[in-house]
Amino acid sequence: MMIKRSKTALVVGFLSCCLLGCQQDQDAESPVRIGMMPKLMGISFFDAAGRGAQEAAEELGVDLTYDGPTEDNTEQQAKMIEAWVAQGFDVIAVAPNDPDAIASTLFSAQSQGVQVITWDTDADVESSQRSIFVNQAPAEDIANTLVDVMVRGAGENKKLTGQFVIISGTKTAANQNSWMEIMVPRLQQHPDCELLETRYPTEDQLKAREETANLLAAYPELRGIWAITSVALPAAAKAVRDAGRQGQVFVTGLSLPSLMRDYVQDGTVEEFVLFDVEKLGYLTVQVAAALHRNPLLPAESRAMGKLDSIRITEREVILGKPLIFDKNNIDQYNF
Amino acid sequence: MKRKGFIKNIPVLLPWLLLLLAVGLVFSQVERPAALVNVGVQWARVGVLAIVMTAIILSGGIDLSVGSMIALSSVAMGLLWKAGWPAEVASGLAVLVGATIGAINGFLVVLGLSPLVATLATMAFYSGLALMLCGGEKITKLPDPAIDTSQIAGWPSEYWILAFVFAAAMLLVHGTRFGRWCYAIGDNPMAARFAAIPVRRTQWWLYTASGMVSGLLAVVYTVRKGAIPDAHRGIELEAIACVVVGGTLITGGRGGILKTLLGIVVIANIDIGLFFLSGRFKFIGADARLMVVGVLLIVVAVWNEWLARTDDRVETLNEAAERI
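Going line by line, the protein sequences match chains A and B. Counting in the numbering used here, the first sequence runs from 1 upward without gaps. Counting in the numbering used here, the second sequence runs from 1 upward without gaps.
The following block holds chain B by itself, in its conformation from the complex (with noise of 0.2 Å):
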C-alpha cells in the first residue's frame, strides 16, 4: 500500500523534478538575466494559448487554429493599420475578428463536427484568407502607434495579458459551475447533456474565448513587429503539448489550469535551457530540442494512461467491494 502511494505521487513531483532542473539549466548559462524577459514572452504568448486550450480540452474539445487565429487578426489589424485607422480602432477590430472567427469554430462545434475536424479546416482556411488578403507579403513598416501596447509598465503586454488569463481561467475552471461543466463535458458528453448541462453553449463559449485572446496577442504583436502571416505557424502544438505535459488528460475530463501553468514553465525552460547549451555542444540542435519535448509527452502521456487505468482499477475493485 504504501508503495503503491509512492508511485502514485512520481506523476505528480515528476514535472516538479524537471522544472528544478530546466529552470537550473536556464540559469548556469545566463549573462543577462534581465535580457531572460524577452525570451520569455515567446513562451507567454504559448502559456495564453494553452491556458485557454486547457480548458477546450477539458471540455473533451480541442482548437487547431490558434496560429492561424492569431494570423488573420493581425493581417486584418495590420491592413487596417496601414489603409490609415487609428493604431488603437484597428487593435480593437482585431480582438473582435479574433471572437467572430472564435465563435465560428464554435459554431461548427456546436453544430455536431468534430472540434478536431472543424478547427483542422478552419486552421487552412483563416490561415489562407490571411495570406489572401495581404497577398502573402507581410506588413511592416506600420505607422507609430499613439500608446505603445506592446508594453505596460516596463513588461511586455504578453505576460499581463497570461497574468490575467490565468487568473481568469482559475476562477471560471475551478470556481464557478461553468468550470464544473467543462469537466463534466469532457468525461462524458452524453451524460452531461442528460444532467441538463448547456454543453452546446459552454463549448461556443469556449471557442469563442479561444478566438478572443488569439486576437488581443495578434494585437500586441502587430503593434511590435509588424503583421507576419507565418509567424506562429505552429504554435498549437506548443501550447497542446504544454498542456498535455502538466498532465491534463488530452481526452478531457482530467487535469487543471495549474497544472497547464506547470507544464508551460517546463518546456520553457528546457526549450530555452537546451537552446543556451547547443553553442556548447553541436549535437543539441533545433532537432535535438524537438526530440527532448516528445520524449517529455511520451512520457508524461503513459503517466497519465496509466494513472488513469490506476484510478479506475481501484474504483471497480471498490465498487465490487461494496456489492459483495
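If we strip away everything but chain A, and leave its shape as in the complex, we get (with noise of 0.2 Å):
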C-alpha cells in the first residue's frame, strides 16, 4: 500500500516536471529575451528607468525581464545574471553595483554566447568584455553641470566660498565615481572653496538623512551640499529643512522630479540635475534589441525608437545632455 502510493506520487511529481518542461517547448519561436538588471529595486530611479524599458519592449516585441537585487549588493547582482545566462536571455543588460567585482560573471556570461550591455553605471570594459554601454550623459557634462548649478547658487561673484560635502552612494559605484573624479579638481578653480568631506551612505534613504543631519551638526558654517544619488538628495533635503537650515545651506545633486518637488516648491532645493531616467530605460532596451540583431555602427547622431539625435560612440551610446530642473518646468515630467 504504502509503496504504491508513494510510486503514484512520484510519477505525478514527475509528469508535473514534464509538463512544465513542455509549454517550455511550445514557444521554440520566442523573441528576443533580454534582462534588464538596475542597481537594486524599489527605488523611484529604477522604477522610472523600469517604465520606459518596458514601453519600449512594447513597441519592439521582445520578451523583458526587469529584475534586480533589493539592496546595493554586487554578489546578489552575480547570481540572478548567472541564472538568467542558464536561462537562455540572449541580451542582459545591467548597471553594476560594483564594476571590477561583477567583472567575471560579465565576460563568463558573454563567453556563453549572451550579449552583456551596461548601462546608468559601467563595468570595467577590459575584465568584462562588455559591449556597449548606454550612458546617460557624459561624465564631464553632469560633473559640470553639478558644479555650475552649486556657484549660481551659492557662489559669489561666480566663485565658491565657505565649506562643502558630497554625499554620494555606495562607495564603488563608478558613475557616482566618475562624476566626482571631474568635479573635485574642477573645484580647485574656486581657491576659498573647501571640501570637507564625501560621505557614502549607500543607497539607503536613511542613512543619507542621518549623514547629513550629523553632518549639519558637525559644520555650523556649512554652505554647500551636492547630494548626487536619486536617493541622497530628497534624504539631504529633509535633514537640512528639519535642521532649519533652508537659504544657509544650498542643496543640490541628482535626483527625480517626483521626489523633489516638495523641497523644491518651499525652496529648500532651488536646482537639481538628472536627465530623462524614463528615455534612459527606454534607449537601453533599443539598443539590447538592436544589438541581437547587428552590431551597432558608431553614428554621430541616430534615431532610436522614438528618440532621435543619440550618439554612439565604439563602445557607448549616449542619450544626451542633463536636465536641470528647477520651480518652473519641474512639473512637466512625470518620472
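Keep in mind that a hint or two might mislead.
As the list claims (entries may be wrong) - Distance condition first, Cα-Cα at most 20 Å in a straight line; then the derived SDA-like pairs of lysine to any residue:
id: 1; chain 1: A; residue 1: 207; chain 2: B; residue 2: 137
id: 2; chain 1: B; residue 1: 141; chain 2: A; residue 2: 127
id: 3; chain 1: B; residue 1: 282; chain 2: A; residue 2: 43
id: 4; chain 1: A; residue 1: 321; chain 2: A; residue 2: 332
Claimed, not checked - Going by beta-carbon spacing under 10 Å, a handful of chain B positions derived as facing chain A:
id: 5; residue: 37
id: 6; residue: 40
id: 7; residue: 129
id: 8; residue: 141
id: 9; residue: 224
id: 10; residue: 226
id: 11; residue: 230
id: 12; residue: 231
id: 13; residue: 232
id: 14; residue: 278
id: 15; residue: 286
id: 16; residue: 296
id: 17; residue: 298
id: 18; residue: 301
id: 19; residue: 303
To be verified - Computed, partial: chain B to chain A, Cβ under 8 Å:
id: 20; residue: 30
id: 21; residue: 38
id: 22; residue: 136
id: 23; residue: 137
id: 24; residue: 225
id: 25; residue: 276
I should point out that these hints are in silico values taken from the structure, not numbers from a laboratory. The structure displayed is predicted, hence computed values, not measured ones. The beta-carbon is built from N, C-alpha and C at its ideal position, and this holds for glycine as well.
Build the complex from these two chains, which are given one at a time in their own frames, with help from the hints.
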C-alpha cells in the first residue's frame, strides 16, 4: 500500500515536471529575451527606468525581464545574472553596483553567447568585455552641471567660498565616482572653496538623512551639499529642512522630479540635475534589441525608436545632455 | 500498525519528492544547461558550510559566524595580495586566519559560553574587523595569480571543496569515534562527559574546522572576484536552513551528513527554479522565494519534532512493557 502510493506520487511529480517542460518547448519561436538589471529594485529612479524599458519592449515585441536585487549588493547581482544565462537570455543589460566584482560574471556570460551591455553605470571594460555602455550623459557634462548649479546658487562673484560636502551612494559605484573625479579637480578653480568630506551612505534613504544631519551638526558654517544619488538628494534636503537651515545651506545634486517636488516648491532646493530616466530605460532596451540583430555602428546622431539624435561611439551610446530642474519646469516631468 | 509505518515514512519521502519537483522545475526552464555550473557555485559554497555546520549542530552547537569568517579571511588575503605578497602565500595565510578565528570560536564555546551567544558575538566582531581592515571598501583589481585556484580541471573549485569536505565528513561523522562523540554530546552533554568523552576537545575541533573551510572558501572567492566584505552576509542562515531541511535536529543528537546534502540540493533547486519562474510570473519575487524556504523550514521542523516525539513515546511504551 505504502509503496504503491509513494510510487503514484513520484509519477505525478514527474509528470508535472514534464508538463512544465513541454510548455517551454511550445514557444520555440520565442522573441528576443532581454534581461535588464538595475542596481537595486524598489527605488523611484529604477522604477522610472523600468517603465521606459517596458515601453520599448512593447514597441519592439521583445520579451523583457526587469529585475534586480533588493539591496545594492554585487553578489546578488552576480547570482541573478548567472541564472539568466542558464535560462537562455539573449541580451543582458546591467547597472553594476561594483564595476570590478561583477566583471568575471559578465565575462563568463559573454563567453557563453550572451550579449552583455551596461547601462546607467559601467563595468570595468577590459575585464568584463561588455559590448556597449548606455550612458545617460557624458560624465563631464553631469559633473560640470553639478558644479555650475552650485556656483549659481551659493557662489559669490561666480566663485565658491566656504565649506562644502558631497554625499554619494555606494562607495564602488562607477557613475558617482566618475562624476566626483571631475568635480573635485574643478573645485580647485575656487580657491576659497573647502571640500570637507565625502560620505557614502549606500543607496539608503535613512542612512543618507542621518549622515546629512550629522554633517549639519558638525559644521555650523556649511555652505553647500552635493547629494549625487537619487536617494541621497531628497534625504539631504529633508535633513536641511528639519534642521531649519534652508537658505544657509545650498542643497543640490541628482534626483527625480517626483521625489524633489516638495523641496523645490518650498525653496529648500532651488535647482537640481538629472537626465530623463524613463528615456534611459527606453534607450537601453532599444540598444539591446538592436545589438541582438546587428552590431551597432558608430554614428554622430541616429534615431533609436522614438528618440532621435542619439550619439553612438565605439563602445558607448549616449542619451544626451543632462537636464536642470527648478520651480518652473519640474511639473512637466512625471517620473 | 501499517498505517503508522506509512506516515512515518512520509518525512523520509517528502524531501525526495520536493527534490524531484525542484529539479524538474529547474530543468524545465533551462536553455543553456552548461551555465548551471556557474549558477550552482554559490550553492556549493553554502553546501560546504552546511556540511561542517551539520557536524556542529549534531554536537548541540551552532556556528553563526561563518559568513563573517569568510569576510575576514578574504579581506586578510586581499590586503596581503595587494601589498605585493604572492597569491599562494596570501592564500595559505587566509586559510590560517580562518582556522585561527574558528579556533577562537571553539575556545569561547569550550569556556562554557553558549555556542549561539559566542558565535553571534564573533559574527559581529569578525565582520567589524574585516570592514575596519579594508576601510569599508572592496578590494578588487588584484594582480593575476600565478596559478588560478578558482578553477580546477575546468570546474569551479567550490565543487571540489564540496566533494572533499563531503567525503571527509562522511568518514569522520559516520565512520569514526569522533563522529559518535558528536552525536553523544548533542544528545546529552552531561552524559557524554560522564562517559569520559572528550567533550571540549571535540567541540574545539569542530569550530576550528568550520573556520578552516570558511578560509578555504574565502581564498577561492577572492581569487575570482576580489575581497568583498559584505558578499557573504546571511550565508550562515542559508547553511543552517540546508541542515534543517535535510532533517537534522537543530538541537543536536539526530541527523546526518547525507541528509544535509539532500537539504542543500532541495533548497538550491527550489531557489533557482523559482527564480527562473519569476521572469514569467511577476508575483514570484525575491520575497516569495524567501517565503517558500520559510514554509519549507516550518514543515520540516514540525515533522522532525513530531517524529522525535513519537519515537520517544514508542520507547517509553516499550520500557513500560518491559517493566510489566
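Here is what the structure says about each hint:
no.: 1; hint: 207/A / 137/B; in the structure: holds (17 Å)
no.: 2; hint: 141/B / 127/A; in the structure: holds (10 Å)
no.: 3; hint: 282/B / 43/A; in the structure: holds (17 Å)
no.: 4; hint: 321/A / 332/A; in the structure: holds (17 Å)
no.: 5; hint: 37; in the structure: holds (9 Å)
no.: 6; hint: 40; in the structure: holds (9 Å)
no.: 7; hint: 129; in the structure: violated (18 Å)
no.: 8; hint: 141; in the structure: holds (6 Å)
no.: 9; hint: 224; in the structure: holds (6 Å)
no.: 10; hint: 226; in the structure: holds (6 Å)
no.: 11; hint: 230; in the structure: holds (7 Å)
no.: 12; hint: 231; in the structure: holds (4 Å)
no.: 13; hint: 232; in the structure: holds (7 Å)
no.: 14; hint: 278; in the structure: holds (7 Å)
no.: 15; hint: 286; in the structure: holds (5 Å)
no.: 16; hint: 296; in the structure: violated (16 Å)
no.: 17; hint: 298; in the structure: violated (21 Å)
no.: 18; hint: 301; in the structure: violated (22 Å)
no.: 19; hint: 303; in the structure: violated (16 Å)
no.: 20; hint: 30; in the structure: holds (5 Å)
no.: 21; hint: 38; in the structure: holds (5 Å)
no.: 22; hint: 136; in the structure: holds (7 Å)
no.: 23; hint: 137; in the structure: holds (6 Å)
no.: 24; hint: 225; in the structure: holds (5 Å)
no.: 25; hint: 276; in the structure: holds (5 Å)
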